[in-house]
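Engineer: Sequence:
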Amino acid sequence: MADVHLPRSLVALFPGAPRRVEAHGDTVAEVIADLDAQVPGIRNRLLDAGPSIRTHINVFVSGERATLTTPVPPGAVVHVIPAVSGG
Numbered sequence: 001m002a003d004v005h006l007p008r009s010l011v012a013l014f015p016g017a018p019r020r021v022e023a024h025g026d027t028v029a030e031v032i033a034d035l036d037a038q039v040p041g042i043r044n045r046l047l048d049a050g051p052s053i054r055t056h057i058n059v060f061v062s063g064e065r066a067t068l069t070t071p072v073p074p075g076a077v078v079h080v081i082p083a084v085s086g087g
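Residues in the sequence shown are numbered from 1 upward in steps of one, following the working numbering.
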């Protein structure tokens with residue numbers, strides 16, 4: 001099970017959703033699928049039709065940038081972080 005930290009900006013789109021969620025999965029893709037089962041619709045905010053992680057979303061597993069195929073070991077901390085831009 002992974003400890004998933006979601007950004008406030010994403011959680012705001014899903015009233016009642018927690019900022020920290022425990023999710024099951026051996027890969028980032030499986031963790032996102034479990035997140036979507038707990039918070040319906042969140043997958044569409046994280047992934048594009050590819051499917052791949054949207055360009056404005058970064059996912060980190062234990063501090064390392066991840067892709068959908070990145071392994072998620074038991075007890076890992078997963079952070080979902082929106083990209084920040086500006087001038």
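No lab work stands behind these hints: they were computed from the structure. Keep in mind that this is a model prediction, so the values were computed, not measured. Among the hints, a few may not be true.
With beta-carbon atoms standing in for the labels, derived distance ranges [stated by the list, open to error]:
#1 His5 with Thr67: 10 to 20 angstroms
#2 Asp26 with Ser85: 24 to 34 angstroms
#3 Pro15 with Pro71: 14 to 24 angstroms
#4 Pro15 with Glu64: 23 to 33 angstroms
#5 His79 with Asp26: 10 to 20 angstroms
#6 His24 with Ser85: 28 to 38 angstroms
#7 Ile81 with Pro51: 14 to 24 angstroms
#8 Ser85 with Met1: 30 to 40 angstroms
#9 Pro15 with Pro73: 23 to 33 angstroms
#10 Gly63 with Asp26: 15 to 25 angstroms
Backbone N, C-alpha and C fix where the C-beta goes; we use that ideal spot for every residue, glycine too.
Engineer: Looking back at the numbered hints, which does the structure fail to meet, lowest number first?
Structural biologist: Hint 3 contradicted; others consistent.
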